[in-house]
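For the protein sequence lines, the chains are U and W, in the order given.
Counting the first sequence from 1 gives a position; my numbering is that position plus 42.
Counting the second sequence from 1 gives a position; my numbering is that position plus 34.
There's no promise every hint is true.
Computed cross-link-like contacts, DSS-like style, restricted to lysine-lysine with a CA-CA straight-line distance of at most 25 angstroms [as the list claims (entries may be wrong)]:
1) W:Lys112 / U:Lys121
2) U:Lys44 / W:Lys96
3) U:Lys121 / W:Lys45
4) U:Lys121 / W:Lys96
5) U:Lys44 / U:Lys87
6) U:Lys121 / U:Lys84
7) W:Lys45 / W:Lys96
8) W:Lys112 / W:Lys45
9) U:Lys121 / U:Lys87
10) U:Lys44 / U:Lys121
11) W:Lys45 / U:Lys142
12) U:Lys44 / U:Lys142
13) U:Lys87 / W:Lys96
14) W:Lys96 / W:Lys112
15) U:Lys142 / U:Lys87
Hint data in this document are derived by calculation from the structure and do not stem from the laboratory.
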Amino acid sequence: RKEVEQDPGPFNVPEGATVAFNCTYSNSASQSFFWYRQDCRKEPKLLMSVYSSGNEDGRFTAQLNRASQYISLLIRDSKLSDSATYLCVVNQLLYSSASKIIFGSGTRLSIRP
Amino acid sequence: DARVTQTPRHKVTEMGQEVTMRCQPILGHNTVFWYRQTMMQGLELLAYFRNRAPLDDSGMPKDRFSAEMPDATLATLKIQPSEPRDSAVYFCASGPDGGYNEQFFGPGTRLTVL
Numbered sequence: 043r044k045e046v047e048q049d050p051g052p053f054n055v056p057e058g059a060t061v062a063f064n065c066t067y068s069n070s071a072s073q074s075f076f077w078y079r080q081d082c083r084k085e086p087k088l089l090m091s092v093y094s095s096g097n098e099d100g101r102f103t104a105q106l107n108r109a110s111q112y113i114s115l116l117i118r119d120s121k122l123s124d125s126a127t128y129l130c131v132v133n134q135l136l137y138s139s140a141s142k143i144i145f146g147s148g149t150r151l152s153i154r155p
Numbered sequence: 035d036a037r038v039t040q041t042p043r044h045k046v047t048e049m050g051q052e053v054t055m056r057c058q059p060i061l062g063h064n065t066v067f068w069y070r071q072t073m074m075q076g077l078e079l080l081a082y083f084r085n086r087a088p089l090d091d092s093g094m095p096k097d098r099f100s101a102e103m104p105d106a107t108l109a110t111l112k113i114q115p116s117e118p119r120d121s122a123v124y125f126c127a128s129g130p131d132g133g134y135n136e137q138f139f140g141p142g143t144r145l146t147v148l
């Protein structure tokens with residue numbers, strides 16, 4: 043079993059729709075969590091951090107469920123420009139000076155007009 | 035607008051040749067990462083450095099890959115000898131606080147080994 047798993051998709055939704063996807067992680071010692079966005083043939087860029095209490099940034103909401111060991115990303119009122127691959131990232135603090143950083147394989151999202 | 039830079043952006047080489055990829059992290063960032071991305075494996079962490087010291091290179095094939103930071107403004111990833119299975123996009127990223135939070139990625143080096 044992979045340490046970080048995502049549904050690869052693709053999720054194909056109409057413009058204006060709400061879409062959500064999850065990312066599960068296997069190590070309960072994981073400390074910090076992020077969502078990155080990667081456009082085709084580009085580098086990943088941070089979309090948002092995921093805080094324990096959940097957090098929102100405009101149309102995007104991220105949540106963490108430690109008990110079930112998953113994080114989620116909700117996109118409301120989706121735009122054509124939201125089409126991308128969304129990568130979840132899990133950091134495990136190994137010891138005082140090192141982290142184990144694991145990227146999920148990504149969920150492809152395609153927004154259609 | 036501070037950015038991570040990588041050179042070369044594209045590299046085509048023949049099997050057995052040495053390949054060196056370079057990365058200039060954002061000034062002031064103390065942590066540098068090397069990743070490899072392929073369609074099959076996704077984004078894999080190869081190695082990372084904090085304050086120029088290697089912290090974790092467990093994801094890197096040791097027999098042919100090596101990563102160094104000769105100084106705070108330069109990180110290198112070398113493959114010798116290269117093999118077709120090394121064909122991938124290699125990303126460098128840097129972060130300001132030990133790699134525990136946001137990472138800023140460079141544009142990547144697209145490597146093709148024939």
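- request: For the pair supplied as a hint, U:Lys121 and U:Lys84, confirm whether the alpha-carbon distance does not exceed 25 angstroms.
  value: The given pair, whose Cα atoms are some 19 angstroms apart, holds under the 25 angstroms limit.
query: Given the proposed pairing of U:Lys44 with U:Lys121, does the C-alpha separation stay at or below 25 angstroms?
result: Violated - the C-alpha atoms of U:Lys121 and U:Lys44 are around 31 angstroms apart, more than 25 angstroms.
message: U:Lys44 and U:Lys87 were given as a pair; does the straight-line alpha-carbon distance stay at or below 25 angstroms?
response: holds (23 angstroms)
query: Does the alpha-carbon distance linking W:Lys96 and W:Lys112 stay inside the 25 angstroms limit?
result: holds (11 angstroms)
Restraint status (C-alpha distance of W:Lys45 to W:Lys96 at most 25 angstroms): At roughly 21 angstroms apart (the allowed maximum being 25 angstroms), W:Lys96 and W:Lys45 satisfy the hint.
query: Are the Cα atoms of U:Lys142 and U:Lys87 separated by 25 angstroms or less?
result: Roughly 19 angstroms between the alpha carbons, so the hint for U:Lys142 and U:Lys87 holds.
field: Pair hint outcome, W:Lys112 versus U:Lys121 [Cα-Cα no greater than 25 angstroms]
entry: Roughly 41 angstroms separates the two Cα atoms, so the pair is violated.
- prompt: Under the criterion that the straight-line Cα-Cα distance not exceed 25 angstroms, is the pair U:Lys121, W:Lys96 satisfied?
  reply: Distance of about 44 angstroms is beyond 25 angstroms: violated.
field: Restraint status (C-alpha distance of U:Lys121 to U:Lys87 at most 25 angstroms)
entry: Answer holds: U:Lys121 to U:Lys87 is near 18 angstroms, not above 25 angstroms.
message: Next pair to validate is W:Lys112 with W:Lys45; report whether the Cα-Cα distance is within 25 angstroms.
response: holds (13 angstroms)
message: Between the alpha carbons of U:Lys87 and W:Lys96, is the straight-line distance 25 angstroms or under?
response: violated (28 angstroms)
field: Given pair status - W:Lys96, U:Lys44, alpha carbons within 25 angstroms
entry: holds (23 angstroms)
In summary, the structure is inconsistent with hints 1, 3, 4, 10, 11 and 13 from the numbered list given earlier, while agreeing with the others.
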